[in-house]
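S.K.: These are the residues of each chain, in order.
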Amino acid sequence: MTMMKAETFAEIASLRERNVIALKEAKEAGARVVGTYCLYSPAELIVAAGAIPVSLCGTSQNPVPVAEKVLPRNLCPLIKSSYGFAVTDTCPYFHLSDLLIAETTCDGKKKMYELMGEIKPLHLMQLPQVQDEAALDYWVLELKRMVRRLENAFGVKITEDALHDAIRLCNDERRSLQALQDVCRQKPAPISGQDLLTVLHNRGFSVNKRDAIALVDRLTKELQDMAVAGVSPFSAKTPRILLTGVPVGIGSDKVVRMVEESGGNIVCFESCGAYKKVEPVEEGTADPLLAIAERYLRIPCSCMSPNQGRFELVERLAREFRADGVIDLTWQGCHTYNIESYSLKKYLQERSGIPFLQIETDYSESDAGQLKVRIEAFLEILHRSLGAT
Amino acid sequence: MTRLAAGIDIGSMATKAVIFDGEVRGEAVVPTGWEPREAGLRALREALVGAGLSEGRVERVVGTGYGRVSLPIFDRKVTEITCHARGAYHLNAGTRTVIDIGGQDSKVIVLNHDGAVADFIMNDKCAAGTGRFLQVMAGVLDVTLDGLGVLAANAEPASLSSMCTVFAESEIVGLLAAGAGKEAIAAGILASIAQRIQGLAGRVSVLGEITFTGGTARNPEICEVVAAHLGVPLHIPANPQLVGALGAALIGWDA
Ligand code: SF4
Ligand code: SF4
Numbered sequence: 000m001t002m003m004k005a006e007t008f009a010e011i012a013s014l015r016e017r018n019v020i021a022l023k024e025a026k027e028a029g030a031r032v033v034g035t036y037c038l039y040s041p042a043e044l045i046v047a048a049g050a051i052p053v054s055l056c057g058t059s060q061n062p063v064p065v066a067e068k069v070l071p072r073n074l075c076p077l078i079k080s081s082y083g084f085a086v087t088d089t090c091p092y093f094h095l096s097d098l099l100i101a102e103t104t105c106d107g108k109k110k111m112y113e114l115m116g117e118i119k120p121l122h123l124m125q126l127p128q129v130q131d132e133a134a135l136d137y138w139v140l141e142l143k144r145m146v147r148r149l150e151n152a153f154g155v156k157i158t159e160d161a162l163h164d165a166i167r168l169c170n171d172e173r174r175s176l177q178a179l180q181d182v183c184r185q186k187p188a189p190i191s192g193q194d195l196l197t198v199l200h201n202r203g204f205s206v207n208k209r210d211a212i213a214l215v216d217r218l219t220k221e222l223q224d225m226a227v228a229g230v231s232p233f234s235a236k237t238p239r240i241l242l243t244g245v246p247v248g249i250g251s252d253k254v255v256r257m258v259e260e261s262g263g264n265i266v267c268f269e270s271c272g273a274y275k276k277v278e279p280v281e282e283g284t285a286d287p288l289l290a291i292a293e294r295y296l297r298i299p300c301s302c303m304s305p306n307q308g309r310f311e312l313v314e315r316l317a318r319e320f321r322a323d324g325v326i327d328l329t330w331q332g333c334h335t336y337n338i339e340s341y342s343l344k345k346y347l348q349e350r351s352g353i354p355f356l357q358i359e360t361d362y363s364e365s366d367a368g369q370l371k372v373r374i375e376a377f378l379e380i381l382h383r384s385l386g387a388t
Numbered sequence: 000m001t002r003l004a005a006g007i008d009i010g011s012m013a014t015k016a017v018i019f020d021g022e023v024r025g026e027a028v029v030p031t032g033w034e035p036r037e038a039g040l041r042a043l044r045e046a047l048v049g050a051g052l053s054e055g056r057v058e059r060v061v062g063t064g065y066g067r068v069s070l071p072i073f074d075r076k077v078t079e080i081t082c083h084a085r086g087a088y089h090l091n092a093g094t095r096t097v098i099d100i101g102g103q104d105s106k107v108i109v110l111n112h113d114g115a116v117a118d119f120i121m122n123d124k125c126a127a128g129t130g131r132f133l134q135v136m137a138g139v140l141d142v143t144l145d146g147l148g149v150l151a152a153n154a155e156p157a158s159l160s161s162m163c164t165v166f167a168e169s170e171i172v173g174l175l176a177a178g179a180g181k182e183a184i185a186a187g188i189l190a191s192i193a194q195r196i197q198g199l200a201g202r203v204s205v206l207g208e209i210t211f212t213g214g215t216a217r218n219p220e221i222c223e224v225v226a227a228h229l230g231v232p233l234h235i236p237a238n239p240q241l242v243g244a245l246g247a248a249l250i251g252w253d254a
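Protein chains in written order, with numbering that gives the first Met the number 0: chain R, 0 to 388; chain W, 0 to 254.
Treat the hints with care, since some could be wrong.
[Unchecked claim] Restraint ranges, calculated between C-beta atoms of paired labels, are given here:
| no. | chain 1 | residue 1 | chain 2 | residue 2 | range |
| --- | --- | --- | --- | --- | --- |
| 1 | W | A177 | R | R72 | 27 to 37 Å |
| 2 | R | E113 | W | D253 | 53 to 63 Å |
| 3 | R | R72 | W | D253 | 26 to 36 Å |
| 4 | W | G230 | R | N73 | 31 to 41 Å |
| 5 | W | G21 | R | N61 | 25 to 35 Å |
| 6 | W | K76 | R | N61 | 25 to 35 Å |
| 7 | R | G229 | W | G21 | 17 to 27 Å |
| 8 | W | P71 | R | I249 | 31 to 41 Å |
| 9 | R | R72 | W | A237 | 41 to 51 Å |
| 10 | W | R75 | R | E349 | 45 to 55 Å |
| 11 | R | T87 | W | A152 | 31 to 41 Å |
FYI, nobody ran anything at the bench for these hints, they're computed from the structure. Glycine included, C-beta positions come from ideal geometry on N, C-alpha and C.
Please model the complete structure; the sequences and the hints are all you need to start from.
M.R.: Below is the structure:
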């Protein structure tokens with residue numbers, strides 16, 4: 000996007016590459032690195048242990064063929080990609096990780112983790128799949144187990160003070176991420192969904208959270224100024240899309256790209272690295288571990304049953320971001336999101352009646368032609384209701 | 000208002016063109032082959048010749064279908080979803096659902112009262128439930144598509160468990176070897192297509208009159224089996240293969 004302040008965005012766009020070196024240097028200076036794969040991994044505990052959390056979720060097709068030598072082909076591409084990077088040791092962030100944190104979310108992931116645990120030390124958290132009181136008690140115990148694992152692995156003590164500090168830091172990060180995404184409430188949005196995703200994806204590789212927060216805040220400020228000045232790559236007639244469903248990142252962004260190449264704009268990502276992430280942990284409570292547990296257990300992922308929270312979140316965000324349509328992206332082989340798509344569509348139809356499109360695909364480009372027809376036809380529906388020709 | 004518009008629908012198997020000026024003036028169907036561009040131009044030329052018109056008279060050309068990206072003469076490109084809906088609604092304003100079995104995919108489209116697309120669903124990546132599937136299966140039985148319908152008429156369908164083109168093919172070879180009649184197998188193939196369509200239709204709210212479009216709908220036996228599975232009569236246009244091109248021409252004419 001030509002209008003955006005080039006330097007800040009360029010700085011963020013190259014973050015992933017530059018941070019590899021920073022992370023390597025930090026490690027040589029004695030820092031510990033903990034790799035995570037999911038939004039349920041409590042970053043606060045890692046930070047409180049003095050370690051650096053990095054996101055390892057596989058978003059590239061490259062290592063998938065190698066992963067398929069071991070994993071079934073009809074498995075979710077995110078799982079194959081994540082495992083593929085581990086088994087080929089081609090992701091520098093994986094390579095530099097001392098410990099992996101994983102959760103029993105969907106069946107595919109939890110069985111894959113059994114294999115991944117043979118490659119690198121892996122701590123598996125038993126995640127309850129319901130969000131009630133008993134589950135919370137259990138989840139608190141799981142957080143305590145993770146605290147012990149981190150303490151033993153790194154020879155540190157996780158104090159209450161450290162937890163409070165970590166909560167504040169992670170909340171500040173959430174505030175910063177929310178402010179960034181909220182610039183797209185503006186109509187038209189000052190940034191494309193593709194660029195927004197680049198920022199959201201790349202900041203997951205930051206070595207120093209405070210620096211990353213400052214950088215994102217700077218970008219947000221620039222975007223806010225652009226919005227005030229009415230600068231945007233889009234027009235008031237551009238259909239605004241809310242994207243929900245499975246995690247997306249750079250490499251697994253083909254649907255984002257196609258939507259925007261076809262004349263739409265993704266104004267909100269209700270997905271893991273994006274809006275699902277912004278809810279803060281309660282600060283200053285007597286029991287910080289409980290506060291962390293409560294916040295994480297509330298995450299509305301399809302591996303929970305029931306998962307009413309997601310329906311409400313999508314409906315609310317579609318309204319607040321003035322979306323014209325909702326696209327539900329589901330990876331092939333992801334049973335939980337694929338099944339839930341039916342209920343989500345019904346929920347939205349009964350309430351707002353907002354146009355809805357489910358797209359089931361994988362990381363490869365083999366279905367590009369068919370996807371384009373679907374996406375363009377969906378945008379034609381939205382254009383018609385926007386009164387464009 | 001445009002006085003003469005052309006719609007060109009470049010599908011994976013056939014390319015169709017319609018010339019419209021308030022009514023259909025010319026139409027043509029040519030095989031797409033390996034040159035979608037050439038096929039598009041040829042279909043347009045043939046339709047114009049049929050209408051007794053010269054190319055220069057066409058004011059707007061709208062392209063649709065898989066090959067829609069490949070022609071520079073298009074003033075506008077519109078997806079086949081919107082074009083089929085537009086064409087079917089024009090032919091029968093009672094249409095609230097369009098079922099289209101194309102060469103490469105099949106789709107169910109739901110229309111509002113004003114003919115606008117409200118929702119749609121397409122089959123996934125594989126060829127199951129498409130014209131391509133029928134073509135391959137007809138090939139295994141060594142008949143044409145029309146011949147497949149003739150064979151299937153009045154036969155009790157053999158049950159085919161696989162909808163995947165590759166597996167269904169070997170299943171049919173096996174059935175033939177086991178002495179099953181070609182008629183029963185042909186009927187089984189049609190039933191499998193109809194089931195697939197029924198499954199698709201079940202995922203959107205199908206209401207009102209259903210118009211069946213696409214080249215496959217020229218085959219009366221297939222229409223019958225699909226209607227029987229859906230449990231409702233189908234509206235079959237006089238030339239179902241041309242509905243997408245007609246819709247494209249109408250969109251050009253509207254502009
Ligand atoms: S979709 Fe669910 S399982 Fe996957 S990363 Fe997000 S929270 Fe974790
Ligand atoms: S996208 Fe679905 S199948 Fe894939 S890892 Fe996430 S929850 Fe599991």
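S.K.: Hints first: check each against the structure and report whether it holds.
M.R.: Hints, one by one, checked against the model:
1. A177/W / R72/R: 27 to 37 Å: holds, 30 Å
2. E113/R / D253/W: 53 to 63 Å: holds, 59 Å
3. R72/R / D253/W: 26 to 36 Å: violated, 46 Å
4. G230/W / N73/R: 31 to 41 Å: holds, 33 Å
5. G21/W / N61/R: 25 to 35 Å: Once the Cβ atoms are compared, 55 Å apart, the range 25 to 35 Å for N61/R and G21/W is violated.
6. K76/W / N61/R: 25 to 35 Å: Hint holds: Cβ distance 32 Å, inside 25 to 35 Å.
7. G229/R / G21/W: 17 to 27 Å: violated, 43 Å
8. P71/W / I249/R: 31 to 41 Å: Holds: the Cβ-Cβ distance is about 33 Å, inside 31 to 41 Å.
9. R72/R / A237/W: 41 to 51 Å: holds, 45 Å
10. R75/W / E349/R: 45 to 55 Å: Check failed, 35 Å falls outside 45 to 55 Å.
11. T87/R / A152/W: 31 to 41 Å: violated, 56 Å
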